[in-house]
Amino acid sequence: MARQRKGIEVSIAMADAVAQANVDVIAAYPITPQTHIVEHLSEIVANGELDAEYVPVESEHSAMSVCCGSSAVGARTFTSTSSQGLALMAEIFYIAASMRLPMVMALANRSLSGPLSIWNDHTDTMMVRDAGWIHVFVENGQECYDNVFCGYRISEDPSVMLPLAINLDGFILTHMIEPVIYEDNETIRKYLPDVRMKNALHPDNPVSMGCFAMPEIYTEAQMNREQGILNSYPTIIKAWKEWGDLTGRYYHPIETYRTEDAEYCIVTMGSYGETAMEVVDALREEGEKVGVVKIRLWRPFPFEDFRRAVEGKKSLIVVDRAISFGGPGGPVALELRSALYGRPNAPAIVNYVAGLAGRDVARSDFRKIILEGKAKASKGETEGFTLYGLRG
Amino acid sequence: MAKPMEKITWQELEAGSVVTEVGNARVYETGSWRSERPVVEASQCIKCGVCWLFCPDACIVRASDGHFEADLTYCKGCGICAKECPVGCITMIAEEG
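These protein sequence lines map, in sequence, to chains H and X.
Following full-length UniProt numbering, the numbering of the first sequence begins with 1 at its first residue and continues without gaps.
Following full-length UniProt numbering, the numbering of the second sequence begins with 1 at its first residue and continues without gaps.
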């Protein structure tokens with residue numbers, strides 16, 4: 001394939017990227033809004049355009065089980081799911097990380113039941129926040145496409161060996177037609193080496209995986225995992241840097257927009273970043289000293305990058321897409337508050353939870369959130385969270 | 001021989017706690033929690049090896065005269081050998097103390 005710019009549905013572009021990454025095994029169960037990704041992959045395999053096993057499993061629990069098996073023998077592995085599918089997968093989702101099995105998942109973010117909803121927010125991914133996967137959030141179709149390659153490069157790196165989820169907002173991204181630059185296969189081959197797994201299952205080198213652990217060793221096993229995900233950080237930086245050098249598109253754990261002289265910032269994760277940038281442009285023309293801070297890398301959380309990005313700001317308005325019921329507000333605000341707690345001159349944090357289950361958050365809403373949030377911060381109203389647009 | 005698990009540091013574990021030393025389960029002496037032990041009446045044993053096949057811990061070993069016995073270092077006392085023995089020459093006896 002030659003390098004080309006296409007107008008294409010984001011799900012299809014993502015599936016094409018998976019094929020270009022030359023995966024060996026795909027196991028997935030269709031679920032809205034992820035469906036087009038795996039449907040298109042099954043077509044690609046059925047047409048003989050990709051030499052891979054497509055395993056049409058009977059459930060997501062089985063999908064992740066197949067992925068663990070294929071990853072364990074050193075096969076490049078892909079899956080994709082959403083919401084209830086992720087919930088059904090949860091048991092094996094944790095196991096994939098604990099066994100350090102590299103794979104890439106396109107996680108088309110959708111609200112969790114109930115009430116039953118098929119629309120977009122981040123409640124599904126927050127359910128597995130602590131599972132030990134690397135989590136990347138993307139904002140548009142190009143970032144979905146690019147991060148498939150970066151994802152494999154990071155996940156399969158011998159020093160990392162961890163599964164990686166690309167979080168893309170359901171419908172807002174999955175069903176959007178956008179211009180996406182496809183890189184040529186030569187570039188991909190140069191960037192993405194074959195899988196080199198130290199302890200892959202092979203009869204010539206027998207190993208045991210997923211063993212039982214007594215209390216005497218479980219703690220050490222958990223520390224080994226914790227250090228494993230922390231150690232992935234330099235590899236993530238390097239993978240994004242090299243992708244940028246090849247394609248001109250650079251990614252960073254925390255990305256900022258017009259923050260240099262900003263007094264306060266709106267903080268987003270996922271596709272909301274694009275809307276926030278437009279609103280910030282408009283507000284800047286009105287003289288507001290506002291910028292955008294976007295979280296791309298959610299796990300491992302880039303504490304130092306984040307602290308640097310918000311240094312000297314008066315306040316942060318954090319937009320969450322999920323609630324921690326009975327807890328401190330949204331999961332992102334919780335993270336950021338703890339990242340800044342006890343630091344001198346730390347910005348005040350005002351938390352909004354918005355856009356649950358696909359409720360539209362338009363530019364006018366962002367404008368309201370930003371200005372209202374700024375006022376709240378100046379009055380010291382920084383406790384808890386506000387459910388934006390709530391009636392009653 | 002594998003290091004006892006209470007001595008292993010987190011740095012010594014393989015990524016994913018993969019066990020790379022084949023057969024190191026033998027350092028873990030599973031026989032310590034047994035409440036009953038199998039006793040074989042060697043004179044009745046027909047040396048068929050059914051107990052050896054069925055033992056879930058693979059702790060049945062063959063004695064020099066050809067009959068089978070459980071290695072009590074590992075035997076958990078599950079009683080499957082006694083249940084499966086076609087001539088009934090294995091009896092489960094309560095461990096005392």
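Just so you know, these hints were derived from the structure itself, not from any lab.
A couple of the hints might just be wrong.
Below are the DSS-like pairs computed for lysine-lysine, each with C-alpha atoms no more than 27 Å apart in a straight line [claimed, not checked]:
#1 H:Lys314 - H:Lys241
#2 X:Lys76 - X:Lys3
#3 H:Lys368 - H:Lys379
#4 H:Lys314 - H:Lys238
#5 X:Lys83 - H:Lys198
#6 H:Lys198 - X:Lys3
Looking back at the numbered hints, which does the structure fail to meet, lowest number first? Violated hints: 1, 4 and 5; rest satisfied.
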